[in-house]
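What follows is the residue order along each chain.
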Amino acid sequence: MWSFSHIADLLHEWLSKTFNPTFTLIIEMVLAGVAVIGLFAALGLVLVIMERKVSAWIQIRLGPNRVGPKGMFQSLADTLKLLVKEGMTPDGADKFLFNLAPFIAMIVAMLLMAPIAFANNFQFWDMNIGVLYISAISSISVISILMAGWASNNKYSLMGAMRSGAQIVSYELSAGLSVLSVVVLTGSLSLNDIIHSQENGWWIFKGHLPIWISFITFIIAVTAETNRAPFDLAEAESELTAGFHTEYSGMKFALFFLAEYVNVFIVCAIGATLFLGGWMPFHIGHLQAFNHVMDYIPSSVWFFGKTFFLIFVIMWFRWTFPRLRIDQLLNLEWKYLLPISMINLLLVTLMAIMGWHF
Amino acid sequence: MSIGKYIKDVFSGLWSLVVGLKRTLYYFTHHKEIITEQYPETKPVLPERFKGEVVMPHDEKNEHRCTGCTACELACPNGTIKVITKFDITPEGKKKKAIDKLVYRLELCTMCNLCIEACPSDAIKMAQTFEHSVYDRSQLNKVLNNPGSKIMDGVE
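Chains as they are written, first to last, in the working numbering: chain A, 1 to 358; chain B, 1 to 156.
By construction, these hints were calculated from the structure, which means they are not laboratory data.
Note that the coordinates shown come from a computational prediction; the quantities given were computed from them, not determined experimentally.
By construction, the Cβ of each residue, glycine as well, lies at the ideal position given by its N, Cα and C atoms.
Wrong hints could be hidden among the right ones.
Unchecked claim - Each pair of labels, with its calculated beta carbon distance range:
1. A:Met88 to B:Pro40: 51 to 57 Å
2. A:Asn331 to B:Ala75: 52 to 58 Å
3. B:Lys22 to A:Asp91: 49 to 55 Å
4. B:Lys22 to A:Leu62: 37 to 43 Å
5. B:Leu46 to A:Ala41: 41 to 47 Å
6. B:Ala75 to A:Ala41: 28 to 34 Å
7. A:Leu62 to B:Lys150: 47 to 53 Å
8. B:Glu41 to A:Ala77: 29 to 35 Å
9. A:Met72 to B:Ile35: 18 to 24 Å
10. A:Asn331 to B:Val18: 35 to 41 Å
11. B:Val134 to A:Val34: 46 to 52 Å
12. A:Leu173 to B:Cys112: 54 to 60 Å
13. A:Glu28 to B:Glu37: 41 to 47 Å
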């Protein structure tokens, strides 16, 4: 049966027969890089059209419906437009930092792809500190936003960047704490171990109420971390024109735009891995027939299905809730999410010690 | 803040979010009712007083009601209308002022309706057309009276 891991194994076998080990490793790394870039391009196209369709349907509109069947090629046309546009650098900008910032945003997104398991036994790098790695790398993304805002030499950009800094630094805490509750139950930081611990049921079903609380906290915190509405103060079209990327145009803007969507994909993939069992199929207790039917669906379909479900939830948030003020945003984090997730972590720890989960 | 109020705040906040999400999920799943007008396919229903451009109505004998009094030109706040007058010879041999051309520059017009209100003989009115895009801006300078038209009898 053809699966991602099978194809990867075949490729590895063929490469190691043809070339020497060093060369094989280099070729495999290049292939992995190309695969990630391809995935990014595909995600950019798919998520943009998905966002526009979801927003249109929620607002009782039709959405893009001119380019291609049902407007499905709209994002392709937009990408072409962005590619041929002029990438301007403002006169008063810090040229080096201004041009570097979008690439840092993309590099962070690329690095975050490393520990994610896309299918059964298909992962770039199965490291034993996957969760720690993700929370460490994802906090670099604030650097690119601050860099863009500072280097633009524009007060709107700087204000957007500072807001984004305050926001990401505070929401990192509750995202980390809610992730920790799964780590406490699993007893491992490796994403692969976390997935395998959900073989007999996803954590969202096994973990009772505390896991639900940490799941909700996680979704709220990552929505804030990716700077999406209702926490899009960093962009805040009505107040700051476009926030930190006001001065960006052409391909440099496209990189920021792509990085936003790729980050949404990544946080949803992590959420799906931690709480919804990654590529694990859905099983119900001892219903053997049902479980076998579920096993028949490929693991990559399970993974992408769960991830896209979470992406839909985050888009649903964006088109439902109004934007928060900066004081409301910080109130929500420091007065509500953080104390709740701290108490929740204690509860989960108690549950793990006493073995109350299934 | 008491702990009871804190917990109540959290739950009422969450509940209000759920109410909003339920509403938008309803719209998402019932997307067949569309509130936007599908413009090029179905023409929009315009209100009666929609102001698209200034036109001068002519009757079937190619006659208009404009006396060339330039009240519209004076009323226009941004010089959109230019009335070019000439002198006609009436059958009795008298000279009579009439319009040669009434030039209307659509690109300057703000549709403020002041010219129509200033006109003493109701010679011009606002039309409901709105698809004004052209490939050359010179096409936006329009002459409102038809070629060869003359003033209607009885309009002074």
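Practice item. Please write out, lowest number first, the hints stated earlier that are contradicted by the structure. Key: Numbers 1, 4, 6, 8, 10, 13 - these are the hints that the structure violates, sorted from lowest upward.
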